[in-house]
Every structure is written in C-alpha cells, then in structure tokens.
Amino acid sequence: MVSQQVKITLVAAALVVLAFVVPHTSSFVVLLATRALAFGILAMSLDILLGFTGLASLGQAAYFGVGAYLTAVLATKFHFGLGWDFWLVVVFGILLGAVLAAFFGLFAIRASGVYFLMITLALGQCVWGLAYRWNSLTGGDNGLIIKLRPNFGLNLTNEVTFFFLVLGFFVVSMMLMYVLVRSPFGRSLKGIREREQRMSMLGYNVWLHKYIAFVIAGGFGGLAGVLWAHTNGIVTPEDVVLTTSVDALLMVVLGGAGTLIGGVIGSAIVLLLREYLSTLVPWWQYVLGGVYVLTILYLPTGLMGIPKRIRQMLARSTNKSVAPLGSARR
Amino acid sequence: MTNALLRKLSPLLLGSCLAVGTSLGSTAYSEELRIGFLVPTTGIYAQIGKDMADGFQLYVDQVKGDFAGANVKLIIEDEQGKPATAVLKASKLIGEDKVHMLVGGLLASTGYALAPESTRAKVVYISSIPSADDLTQRKLAEFPYFFRTGWTSSQPTQPLGQWACDQGYKKIITVAADYAFGYEAVGGFQKVFEDCGGKVIQKIWPPLGTKDFGPYISTLKADADAVFTLMVGPMALQFPKQLRGAGIKKPIVGGTTSYDEFALPFMGDEVIGDFSALQYSAALETPANEAFVKAYRAKYGKVPGYYAESNYTTALLIHAAMKKTGGKWPGSEEFIKVMTSLKVDTPRGPVSFDDMRNPVHNIYIKKVEKKQLFGYDKPELWNTVIKTYPNVSQFWTYGKEKFLAQPVYDRDFPPCKYCE
Amino acid sequence: MNTQFWVIQAFNGISYGALLFLVGSGLSLIFGVMRIVNLSHGSYFMLGGYIALSVIGATGSWALSLPVAALAVAAIGMAMERVFLRPLGFDPLRQVLLTVGFAFLFQQAALDIWGGNNMDINPPAAMTQSIVVGGIYLPLYRVFMIGMALVIGLSLWLAMEKTRMGAAVRATVDDAQMARGVGIDTNRISMFIFALGAFLAALGGVIGGAFLGIFPGLDFEMLPLAFAVVIIGGMGSLGGAAIGALIVGLADNFGKALFPEVSYFTLYAPMVLILAVKPTGLFGRE
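Sequence order for the protein chains is A, B and C.
Heads up: the first sequence begins at 1 in the working numbering, then just goes up one per residue.
Heads up: the second sequence begins at 1 in the working numbering, then just goes up one per residue.
Heads up: the third sequence begins at 1 in the working numbering, then just goes up one per residue.
One should not assume that every hint holds.
Below 27 Å or equal to it, Euclidean Cα-Cα: the simulated DSSO-like pairs (lysine-lysine) are [claimed, not checked]:
hint	chain 1	residue 1	chain 2	residue 2
1	A	K77	B	K400
2	A	K77	B	K402
3	A	K7	A	K308
4	A	K147	B	K139
5	A	K77	B	K122
6	B	K98	B	K73
7	B	K139	A	K77
8	B	K139	B	K299
9	A	K147	B	K371
10	A	K147	B	K122
11	B	K400	A	K147
12	B	K400	B	K417
13	A	K190	A	K308
14	B	K249	B	K98
15	B	K171	B	K417
16	B	K98	A	K147
17	B	K387	B	K343
For the record, the hints were derived by calculation from the structure and aren't laboratory data.
Extracted from the complex, chain A is given alone in its bound form (with noise of 0.2 Å):
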C-alpha cells in the first residue's frame, strides 16, 4: 500500500506540472485544461455519491445547470458577477445547487440502487426540461451569452488567468472533498456505503447521512457549474442533458471511484478523447466507446486501480506455489 503521504505528494507535484506547463501552451489546450478542470470539480462531486457512498446518480448535471444557468441569468438580466461580485455568483451557486439537492433528496434518498439511478434520471430530465421550456429565463434552446468574463482587478477574460482562477477553485474542492472524506462523517458514509443494514442497527441515520452527503455533492456541482458558464461564455440546455449526467458517471468509473483524483483522470481522458483527438481523426467515437467498454469490462476498479492490481498480480506470481487452486479470483 501506498501511504496517503506518497499519493497527496504525486497529486500535488502534477498540478504543479500543470500550473507551470499549460500558460506556455496554446489558448485551445489551455481551455481544454480548463474545461476538464471544472469538469472535473463535477466528477469529483459525483464520486462522494458514487464512490465513497453507494449512490450512483444520474442526474448529477441538474446540479451543474442550475450553477450555470444561474451565472449566465444574473449576467446577462441584471449585469450582475462581472466585478468582484462575481464571488457572490460563487457562493450563490454553491447555494443553490444544494438547495436543489436538498429538494431532489426529499424524493431520491429513499430509493436504493437502480431505482436510485432511475429516479435521478427523471429529476434531472425535469431540470432539462425547464431549461429548454423556460425561455423567457434561460433563453431556451438559444441559450445565455455571457459576452465577457469577469473582471475584478483580476481580468478573466485572459485565458491563462482564468485557468489559474479554475485551478484554484479546483485545487479549494478537492481538499475540501479530501478532508470530508477522511473526516469521521467520511468514514460512516463508506460504512454506509459497505454495510447499509448494519450501520443502521448500530443506531447511524443512515438517510441522513445519505442526504447531506446529496446535498454536499449538489453545491459542490453547483460550483462546478458557474466555472462552467464562464469557461464556455455559453449556457444551453444542452449542459443539463442526460449525456452530460452520464458522462459524469463515466468520468468517474473510468478514472476509479472512490478516489476522488480518479473523476478528474476521468474527465481529462474523456475530454481529450472528445475535444482534442476529433480534431485529428474522424473516428473518434469509436475510440471512447471502445475505452468505456473495456474499461468496465477489464478495469472494474478505473485507471486509479492498475497499481493495486499490478501488486496483485505480482503477488499472485510469487505465491502461486502456496496458493490453493482458484483462490486466486473471486
């Protein structure tokens, strides 16, 4: 096992590559840097459902549209988050995530495993629908354009800046997300997450764990969708469709659940898969079914899980004279 020690010292000296390396790159990878960093605060917040509680969600994108849907009104209605208030946006968004989590949780929470899948499925639809009906408020299939980036002193409109602005943020999130995790309210939603029926009879109100970990997980999407609005300058309902629930999902099986990093690989993968690697091929999409499909298929545990299993397979080698026959897999 690798310390918690050696795994926060990679992690940090990779964002330092990342700080140091993207600003000398071109304006496309430094969007497309930025892009999978909010993405990834989004990914990150879907693994505290998926990973560390056993809730696999497919609605997280409700979340995310109100943050941007909420940054690209005020924007463009009421002038408002363009200046230093652009933190009040922040906070605004965080809020109102969580509110709606607080309000998706009354019904969700209830529901266990598909149904739970199904059921914020259907909310998130909800969401998508409002998004593409209200039109007086969200412009409806036009969307919002948010013409410039906030400028507090700081100008976003800078490329660079606004990726050092969405790092922070991002860097903020996972410690933030880090430190729940491992706090003791962490370690009851992974009880949770094991052993549903025992952490209950051990006296844990295992719904109300289970629904402020969906209320954490909806501000900190929330969040993930203000950053969002201004990464695109562009708010459509197209932020809020299903695809963009899944691909959360995706983000995070694919990188490894349950270990918050893994959404971020995840989204960085993903998007490089999309963005990056259809500007070269056409074929592309045959690419990243085909990485969703093995992935699931032969990595159950995500990228984040090659080096458990290389040890694995390692002592597997080692041991295989003492080893009974089959009992080596499950």
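Dock chains B and C against the given chain A, drawing on the hints supplied.
Showing chains B and C alone in chain A's frame:
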C-alpha cells in the same frame, strides 16, 4: 496520410500536460486563405454537417482551391452539435490554425456562441446556416466581425404570410416546433398575414422532436382555411402523413425546413401539392442552379438542399470578395466591408447584402410536385417554384427602423389576438 | 372538447401505448430476470428500424422485414449478453455503464452504415388508409399497432404461464438462486430472455418506424419512454409493462392536448412521483 496523422498525433502522444510547441502555428504564406469550417460530423446532426461541408468543398474543388490567387486551406472541425464544443474548436482554429475566418455552425445556439468568440478574437465569422433573427438585427452591434450568408428565420415566412393572404386564406392555424427558430418563423408569418387582413386563430407548439402528432391534430380548429407548419428534421416526415391520415385535407403552407430537399426525398406522395417558402429550391430552373444540382448529385449522390446550397454559395461569395481584394487577405474589418458590398449571381439567384450584413435575396414560394427534372430518368418529388418575391430583405417591406423598433418575434409576439 | 375529442385522444393514446408496450415489455423482462438496466434498449429499437429499411430496400417486402430485423437484433442482443454482460456478474452500475458504452457505439455504427438522413418506413398502402367510424377518422396503422401489441402480449403471457420454459423464467424472476437450486439453467434463461427483449424492441422499431420515422437519435428518444413504462408499471412484470405502457401513452396524449405548456414534464413528473412513493413501480415486487 500516415505522415500527416503521425505529425498530428505527436502532441497527443506527448500527453495532455506536455503539449508544448503545438502553438507555433503554421508558416504563413501571403497567398494562403485559411478557412475554419465548423460543422457536426458526429452525433445526430452528422448528415446535415456532411451536406454543409460537401457543399462548401464542392465549390472549392470546382475552382481547384484557387480564390483569385489565394490558395484555400479548408480545415473542417467537428462541433458535435454542441455550442460549447463549437467555442472550444473555434479557439483551436483561431489559435493553432490561425484561420482568417470561421464558417458554419448549425444550431442557432451555436451561432450565438460563435459570434462573441469572433468579437473577442477579431476573426470573421460567417454564419451560413444559423438563422437566429437577432444576430443580424438587435444584437448585431455587439458582433462587428459577424457576417451572414444564410438567412434569418423570419425572412422567408414574411413573404409567405403575404402570399397566403393573397390566396384568399382568412383563418390559419400555426403548428410549429416549440423553440426560438419556430417562434421567429411563426412570428414573421403571423405579422405579415395579419397586417394583410388574415387571422391566425390557433397557435400550437409541439415540443422539438415530436413524432406523434395525434394529440395536436385532434385539437385543430375545424374552421381554419389552411395550416402553417414549421417542422425540423424527422418531424417534417411525420406531420403531413399523420394530418392526412386523420382525414384533414386543409392546404399546408410550410415554413422553410418543413419541405427542404433534405427531407423531401424521404417523403411519401401525400405531400404533393403542399406549399412552402425558402430562399432556395433545388427545382429552380436557372442555368446556375441546374449546373450546381447536377454537379452535387453526381458527386454525392443526392439532390442538394439548402444546407448544401447555402455553404456552396458561401464559398462562392468568399471567392467573389477575394476577387475584389486581388487575392490578398485585407484584414477582418475590410473583408466584412467587401463582403457587404457584393452583388453576385448564385444558385439561389442574385444575392446582395443589407447594411446589417444579412443577405437580400429572392424568396421562392414552392409547391411539391412529382415530375422529371434536369433530365433525370425517374419522376421524383421536387419543390416547383410557383412565385418569386425578388430581393427580399430581412425587414420585408417594413423598413429597418420600424422593424427594429418592435421586439424580436417570440412565442407570444405578435400576440395571438384571434385565438380564444 | 366534445365526445369526439375524447374518443380520438383515447384511441391515439392507446395506440401509442401499444408501441410503447413492445419496447417496454422487453426491457422489463430483462430487468426481471437479470436485474440488468439495459441502456442500449433504445439502440435495439433503432437498429431494428434500420435493418428493416435495408431489407425493404433489397427485397421490397415490408412483411419480410419484420422477422428479419427482429431476429437479427435478437442475435446482436444475445451476443452482447454472452460475450460482454455475463462476465460482469451481478454489478448494476457496471452493467448500466457497459450498456451505455454500447449505445454510443451502436449510434456511431448506424450513422456510418446507414447515413444520417431522416428516413421513413412505408408499410403496404392498404395499411396507410383510414377507416371512418361515426365521423371519426381512425388511421388503420394505429389499429394495426394495437392489434400487434395485443397478439404479442397474449403470446408472451401464454408462454410465461403455460410452458415449462415460462415456468422456469418465472421461477428465475422470483428467486434466481432458488431456481438454480432446483436445476433450472438460469444462464440459458438469461440468454434467452435478453434475446427476446432485443427481439421485441427491434419489432417495435420496425412497426414504430412507419410512425415515428428512422433517424439518428431515435435510440435516445425511445429510451426514456421505455423507462417510463417500466418504472411506472414495475420492473420485471409483464402485466405491469402493459399497464405502464397504457398509462404513459394516455398521459402523454392527454397531457399534450390539454396542457401543452407542461408537456415536457408529463413524462418525467409521474415517474418521479411513483418512484418516490413506490420505488418498485405499481406492479413491481422486490
């Protein structure tokens, strides 16, 4: 091919965080004209994207890539039908390929996403398909590098309103897809039709993508003289079929995309006799159009619809502008000026531009007929032109000031005075 | 709002529900037997339609396209189950994601094979007429859809209730472990049911193709509808799928006709409510 692929792949191989050096850009030849073309080539809109690219490519191939001495380098990027992806790909085209202009986009929202991008980067964006009215109306001032070679959503439906009125229709029901494109098309039709004395007595808005029109057809008021429709994509095939199946024989006056050649070949004979309006018909019997239809069909095996035509014409117009500048790129501001001053004959007929950088062109009232055309050996469905409104501007006959004083056409504008 | 309106709307709703039953019943069976949420079920519907188009193009026979397309897609489904889904064992999340991955692959493959034009299946001319009953136009094709759903529903019910195979399937739905204990080959049953589900979806695709058209994106348009049917009716229950299809068909029709403003929610809001109150659906059991 392999070499090109390898060269392009190498930054990818270096990994996401090590893509240094990709920003060096290509060496600039003074006579190279780099055009970034954004269309969906995957996903549900892929075929439309292909038609758009084919149309543009056909023109470039016909002149062997030579735009008055400038060598055209066409770079096609997949925008996947998503506005946010279009923005990202635009930054790639602008930042890495150093394109002189962006062309394309499919959805209105993509047009809205790319326009501010062109402002930020000071790069020309030519919208060949996105037709959101306000891009060349109330919001144009925000987008100095935006130029439209396509149309506004209400541009063809305004003359259609006049025509419907002239046919003696008094009461009309509108059935249109429930989003901005539908609102603008219906608004233009309703405004002109009612100003002429007609009445829109019912407005029905099926959600975009509706295929089962049963619930709506049975609510149609019986006393209407005709039905105005605005259908998009696969909706277009099902509505006329189900309307006729329900025993309703009222004439259909179709807006724009309802009967475009993109959908027409897949329709049944029940659409024969239906009317529609657009700035283009593949059945336009002019030498320029006949040559275009034949060349396109020979190369791509299908009759071109407006998606192909609009992009062919866009290429033709860019070429015409480059002729005026002697094959030299004049800079974004100047290029926009040259484009605005153009008067060119195209497959869709004569095209010029108003001072809000939107085309002034003919609007054709078309009737679906089954016949043989251009010497093809089988009888097929064609959009026969039955009336031409020459040189129609986006403001119809209202004049720019008066037109712009009213709000953009919307779900409830003009209000439905004669609905109950 | 006269009687005629209500009759037509009810007829429309029932005929739409008939189509939804074909898609939903397969999804429900698959879930009941294998506990797999199959997100490529919409793809089977779409592939059925496309294969039928090819068959009609090659032979000109619409009647032939029904069995050919359904069997071809059943084979695809069977291969998917054998090769990819079975090795996963019981793991709902990975199964869901795997079927999504396949849905994306099928979408791109269909685009590359059949192109992206919006197409339509034309049934024999006799079926596109309308009959007039008491001044009301009833399109014959909708009558055909109702008849087809009745025939298939009844055959499925008979097969489930009266045959040994059916008994084995029911036993597997109730308790797979127990079923294995009494010597039922649940592996074979799973494979058979998955193929049957794909078969029904593809049949729906051919029949629905003349009604909805065949176009890229059809897969993800049908999927939520199929889910609504199964969720409302209850997963794993044939009768539930029938009732669910009827409810969704009628709610969708009357919702759109009477309250067009909220038509985006006529599908999802009932889903949320039913899931929140009775997560296993009206007729489902856990």
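Hints, verified against the model:
Distance restraint check for A/K77 and B/K400: the Cα-Cα separation of roughly 26 Å lies within the 27 Å cut-off, and the hinted pair is therefore satisfied. Proposed proximity of A/K77 and B/K402 is supported: the alpha carbons are some 25 Å apart, at most 27 Å. The hinted pair formed by A/K7 and A/K308 meets the criterion: a straight-line CA distance of about 13 Å does not exceed 27 Å. For the proposed pair A/K147 and B/K139, the alpha carbon gap of about 12 Å is at most 27 Å, so the pair holds.
At roughly 25 Å between alpha-carbon atoms, A/K77 and B/K122 fall within 27 Å of each other, so this suggested pair holds. Between B/K98 and B/K73 the alpha-carbon distance is near 11 Å, which keeps this suggested pair within the 27 Å criterion. Our distance criterion of 27 Å between C-alpha atoms is met by B/K139 and A/K77, whose separation comes to about 15 Å. Taken as a hint, the B/K139 and B/K299 pair is broken in the structure, with Cα atoms around 39 Å apart against an allowance of 27 Å.
Distance hint between A/K147 and B/K371 is unfulfilled; the C-alpha atoms sit about 50 Å from each other, more than 27 Å. The hinted pair formed by A/K147 and B/K122 meets the criterion: a straight-line CA distance of about 14 Å does not exceed 27 Å. For a cut-off of 27 Å, the pair hint linking B/K400 to A/K147 stands: about 25 Å separates their Cα positions. Only pairs whose Cα atoms come within 27 Å are accepted, and B/K400 paired with B/K417 is accepted, the gap being roughly 25 Å.
For the suggested pair A/K190 and A/K308, the alpha carbons sit about 20 Å apart, so the restraint of at most 27 Å is met. Between B/K249 and B/K98, the direct Cα distance comes to roughly 55 Å. Violation of the 27 Å bound is thereby established for this hinted pair. Only pairs whose Cα atoms come within 27 Å are accepted, and B/K171 paired with B/K417 is accepted, the gap being roughly 12 Å. For a cut-off of 27 Å, the pair hint linking B/K98 to A/K147 stands: about 22 Å separates their Cα positions.
A C-alpha spacing of about 22 Å is found between B/K387 and B/K343, which places the hinted pair at or below 27 Å, so the restraint holds.
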